[in-house]
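For the protein sequence lines, the chains are Y and B, in the order given. Counting from 1, one number per residue, gives the positions in the first sequence under our numbering. Counting from 1, one number per residue, gives the positions in the second sequence under our numbering.
Be aware that a few hints might be false.
Cβ pair distances, simulated, as ranges [to be verified]:
#1 159/B to 190/Y: 34 to 44 Å
#2 189/Y to 160/B: 50 to 60 Å
#3 180/B to 264/Y: 36 to 46 Å
#4 160/B to 300/Y: 49 to 59 Å
#5 274/B to 177/Y: 34 to 44 Å
#6 284/Y to 274/B: 48 to 58 Å
#7 177/Y to 256/B: 46 to 56 Å
#8 145/B to 316/Y: 48 to 58 Å
#9 278/Y to 120/B: 33 to 43 Å
#10 177/Y to 234/B: 25 to 35 Å
A few chain B residues that don't get close to chain Y, going by computed Cβ distances all over 12 Å [what the hints assert, rightly or not]:
#11 87
#12 96
#13 132
#14 242
#15 258
Derived from the structure by calculation, the hints contain no laboratory data. Given the structure is predicted, the values throughout are model-derived calculations rather than measurements. Yeah, the Cβ is synthetic: ideal placement off N, Cα and C, and Gly gets one too.
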Amino acid sequence: MTRSVASAWPIAALAVAALATAAMLDESALSVYVLLTLTASVTVGVTLLMGHAGQVSLGHGAFYAAGAYAAGLLAKHGFPTWGALLVAPIAAAGIAAAVGIPLLILRGHHLAFATLALHLIFLSLISELSITGGDVGLQAIPSLAFAGITFGSVRDYAYLSASALVLIVLLAQNLLASRPGRALRALSSSEVAAASSGIAVGHYKLAVFALSAGFAGLAGGIYAFYMGYLAPGSFPVVLSIEYIVMAAVGGLGKVSGALAGSALVFLLVHGLSRIATLSGMPGTAPIILSYAVYAVLLIGAVLFLPGGLVAFIAARRNLRARPERTVQPSTPAASDSASSAVASKRGSYS
Amino acid sequence: MSAFISYLVHGISVGCGFALVASGIIIIYRVTRVVNLAQGMFSVVAGFAAATLLGVGLPHGLAELGAIGLAAAVGVATGCVAIAKPGTSPQASLIATLGVGIFAYAVEILGWGDQPRSFSGLSGAYEFWGIDVPKQYLLVTLVTFVVFGGLEAFFERTYTGKALSACASNPYAARLQGIGVLRMGLYGFALGGALGGVAGVLLTPLQPISYDSDVSLFVNGFASAILAGLKRPVLGLVGGLVLGIAESMVAGYAKASYQSSLALLLTLAILVAQATRREALHAVEE
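Only chain Y is shown next, with the shape it has when bound in the complex:
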């Protein structure tokens, strides 16, 4: 692989599909679609961080919130709204870079705790400070306007968030196909080996951390303009965990996995909570169902699909394709090789 640019076709197809979906859905489905694309945008960053830099982050909801609050605050104080949206990812990435310098020394469960702590501290900050409106939050954030066009309808925001997702996927794919991407793959399997091959492990980890925070910040900025109001309650700790569920279900480290995982989990949870609100069930039914789904998917993915959905489907396809090519592949042997592939994948987790 000497090319440093990812194949253009899948991304072009994604762009067409994402924008066409935004054009075709009706109003009520569009509001789901906007949130889905924003969630997927964050998940792409989380999967890069977890799958390639080998870091568990339980705090990406904080970067999403940071982007949202940065955009909301600037827009409310008379900054041009498009400028505020541009600042959102930069602010989130800047915060990540600043806290990442001390925190990324930590590994494994220490880093997981540190990022969780980050999220909690950020929540307590925004609910304490008067500039962020405390627990009430920011109200009446103006609509996004760019070059005379005002983003007023849900469909406008659906186009915007779909475009942001395509941009993020493009960035992520090209990053993985480039020299830094190979460096990241090396450091995810062994930091020591990567370091001894001349890879600046610390710099790359910090860069991915900041980049994934930037993705989250951009999504958060769009969220701020789309919702028009922000409050600490919109960014609970569970939000950070949702991204991990989605990344794990799709398969850590794979951009396509992040897209498939976030679409599957988001639509499943959303569909179930819609059913739960319909049929005269108690008011807590939607939240119970969504927690149960997140939990079951997370545990199932971590224990039984270590490579995620995408790897599982690919392995199944290989299994089915193999009998035509090879002479006598008895099923146990074939599944053995598949499971050893999965096992070697799992090795890259730790």
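Since chain Y is already given, all that's left is putting chain B on it; use the hints.
Quick look at chain B alone, frame taken from chain Y:
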């Protein structure tokens, strides 16, 4: 001065609760190398269960014991999910315990609703030198010290305790000695669940708990465990007391909403300092 003493008393009893959570985290971590993100959940389950058992007319004592037993059983179930599948890496187990914690949210809301719950513990207060010390605070402190005494005896004086320590220090060598590492891991989870349960039944009368109280319980427990270096459960008592008193002072003299952020920042600073020192050691070794 009397304000200081009452903050101190409050800090000690809260710190005892942290210490119980911390000791559960430490024991599970020592035996299985898994940081149990569901540790706070054990306390929540026990607190809810005790409230329910008291509600159906069980006397104090029996209800709390039943709740602690339930927490221990939940601990074993968590352990089964986290470590029973062979070849699960500690990081995968960490995320699995996170999944168990989220699943518990669903069960807790289903069983007990999403509103905070509480039950009354010991009422009244003793007066020492003009300062009122609520009886429940004394009970929390007393029970915690008894539990830690028991833990120390268990790890030092019984074969099971020794086997748990053996798994903690070298799982491979422990297996060669015929110790079932998985079984010991599940014992660790059971003990961790029971300790979390003790914290839950003691703290719920002081402060109502809701299903998502587990985050702050875990964070404070883990902070105490970090202060103790994740080494011996008894050190968790020191960590918990330091943290509890520090938070109580901040809440008393500064602002209550700063206390958890302060604890988190303190813990982060300690973690980073420890990691930096370890890096330096590695550099010397290499």
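Hint check:
{"no.": "1", "hint": "159/B to 190/Y: 34 to 44 Å", "verdict": "39 Å, holds"}
{"no.": "2", "hint": "189/Y to 160/B: 50 to 60 Å", "verdict": "39 Å, violated"}
{"no.": "3", "hint": "180/B to 264/Y: 36 to 46 Å", "verdict": "38 Å, holds"}
{"no.": "4", "hint": "160/B to 300/Y: 49 to 59 Å", "verdict": "33 Å, violated"}
{"no.": "5", "hint": "274/B to 177/Y: 34 to 44 Å", "verdict": "37 Å, holds"}
{"no.": "6", "hint": "284/Y to 274/B: 48 to 58 Å", "verdict": "41 Å, violated"}
{"no.": "7", "hint": "177/Y to 256/B: 46 to 56 Å", "verdict": "51 Å, holds"}
{"no.": "8", "hint": "145/B to 316/Y: 48 to 58 Å", "verdict": "57 Å, holds"}
{"no.": "9", "hint": "278/Y to 120/B: 33 to 43 Å", "verdict": "40 Å, holds"}
{"no.": "10", "hint": "177/Y to 234/B: 25 to 35 Å", "verdict": "53 Å, violated"}
{"no.": "11", "hint": "87", "verdict": "7 Å, violated"}
{"no.": "12", "hint": "96", "verdict": "5 Å, violated"}
{"no.": "13", "hint": "132", "verdict": "30 Å, holds"}
{"no.": "14", "hint": "242", "verdict": "17 Å, holds"}
{"no.": "15", "hint": "258", "verdict": "8 Å, violated"}
The structure shown violates the earlier hints numbered 2, 4, 6, 10, 11, 12 and 15.
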